[in-house]
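Using the sequences provided together with the hints, build the complete structure.
There are 2 protein chains.
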Amino acid sequence: MKLAIDALIEGIERMGNPTAVGLDTQLAHLPEGFAGKVESFADAADALLRYNKALVDALCGIVPCAKVQIAYYEMYGVPGMQAFRETIDYAKAKGMVVIADAKRNDIGATASAYANAYLGETPLGEKADSAFPVDFVTVNAYLGLDGVEPFRKASAVRGGGIFALVKTSNPSGVQLQDLKIGERTVYEVMGDLVSEWGKDCIGEHGYSSIGAVVGATYPEQGAALRQRLPHTFFLVPGYGAQGATGKDLRGCFDAQGRGAVVNASRSILTAWRKQPGVDFAQAAYNEAVRMREDIMEGIRA
Amino acid sequence: MKLAIDALIEGIERMGNPTAVGLDTQLAHLPEGFAGKVESFADAADALLRYNKALVDALCGIVPCAKVQIAYYEMYGVPGMQAFRETIDYAKAKGMVVIADAKRNDIGATASAYANAYLGETPLGEKADSAFPVDFVTVNAYLGLDGVEPFRKASAVRGGGIFALVKTSNPSGVQLQDLKIGERTVYEVMGDLVSEWGKDCIGEHGYSSIGAVVGATYPEQGAALRQRLPHTFFLVPGYGAQGATGKDLRGCFDAQGRGAVVNASRSILTAWRKQPGVDFAQAAYNEAVRMREDIMEGIRA
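Top to bottom, those sequences are chains A and B. Heads up: the first sequence begins at 2 in my numbering, then just goes up one per residue. Heads up: the second sequence begins at 2 in my numbering, then just goes up one per residue.
Which copy is meant is left open, so a pair is good if it fits within one copy or across any two.
In silico lysine-lysine, DSBU-like type, Cα no more than 35 angstroms apart, as pairs: (1) Lys-200 - Lys-3; (2) Lys-154 - Lys-54; (3) Lys-128 - Lys-54; (4) Lys-128 - Lys-275; (5) Lys-154 - Lys-38; (6) Lys-93 - Lys-54; (7) Lys-93 - Lys-38; (8) Lys-38 - Lys-128; (9) Lys-95 - Lys-54; (10) Lys-154 - Lys-181; (11) Lys-275 - Lys-154; (12) Lys-38 - Lys-275; (13) Lys-275 - Lys-93; (14) Lys-93 - Lys-128; (15) Lys-54 - Lys-3; (16) Lys-181 - Lys-200; (17) Lys-248 - Lys-93.
Since the hints were derived computationally from the structure, they do not count as laboratory data.
What follows is the structure, given as structure tokens:
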């Protein structure tokens, strides 16, 4: 079975592009008139899904991965969750590696329910079905290994993986994550746990199915974590709208220019705003090309 | 506006019962024949919803609160989410205080999306609607204050609140939570942050809308946290199937016997197994009465 981590690395190599488009789509991101009159959750969900499909069509040839932030679908209730499901199915069908950014976390049987929902299958008598089948799901590991183990187990179903929060991109992440436990920060302790948990599921390119979220907004810490966790692949948010640029990312990659996938959401979703007269999907494509150049230049520097 | 934390405390006083029923309903919990033939997510969701409604009918007169674990609905995809929504609506309509156990967490705009989904309203042009309207949602605060602030803000819409994970009930919670940051453990640091975040939204009974999850399986730590966080209400999982009993809970309550709500899921959902010949809803009622006595005895001891 092909591991999702290997498929992700190969997609990145094939396209020369270690990036993910973040489908954190919101109504405010859509060009005027695109959504039509929105009076219900179903109206909103329909507009988001149409926008996502157009973006996937435009980007699937040059961006290997889509990260879909479930919060923006959950907030539209049941119709929103339907749009989430159709978005991930569409991106998968177009060959993209799909990450559900859900930051799910719980213990024991409950963590198993989440793991089945995203990476495995939910039993139905003698049959089974998949609720929201993706390649990766993000996980918050504050609850320790028994919150992670069910995801590791479920990943055996289709070869999927997880990205556990280690060092997040937001300013107040430091309130807990940067405090010192002996010689190590909390995020280093978390990183070491993630590395340990992932050591038995390393793929053919040297990276584990258990990856880490490491924010681009802290370049020095990212570089130190790259050294510390040689087999842990990084999902790197914070590029673009959150302020990080290509040169901030160098440290998240290994000597071969591998080891991370960088996400950008708003800068791609709303690229049309900075390209007057250009169609939104074409504008997103142009921004994805610019981002690839910026990041590849940063990596080579 | 009535705060949910005050409504919860008053419900507990009125029924003399500081407990919540955990509607972590799974097919395996249902008596044989109840579900009928389950061949799809819709079949499963239909059975769970019917079971939940019967339990709410049986319990709403003696149990003031329902905690609904969303993972067990998410795993049935879109039909599962519909059953989740109908379950919370039904429990609310029957007068119960409803907690969505979702452990959601993210930063900035994304945390706002979750906060709107559970505690606030999602904007729809000039209108707005609520995705999954509950009184409380559980939150994982590993990302720090800017992951919590949006929930605090959204709580102004209907007076809702949150319970942030502090000390979880599972064995490997200790992997991170019990490590020392200077003189304090990670969970004490988290508890202090939660207390600080909640100090401006204390209700009329002295407890804040920002509460904490404190597992019943660590009675000494629970008692120490009760002393440390006098304005922080505790949601206490781990009673029953996870091993804690009434006497383990004493320390989670203050001198007036207030300050916590204790959740039990499996022991109530599957009470019919230990009461042969008794209808499942009646069995759940009987177990809820037994639990109330056990806990009240523990508190008075």
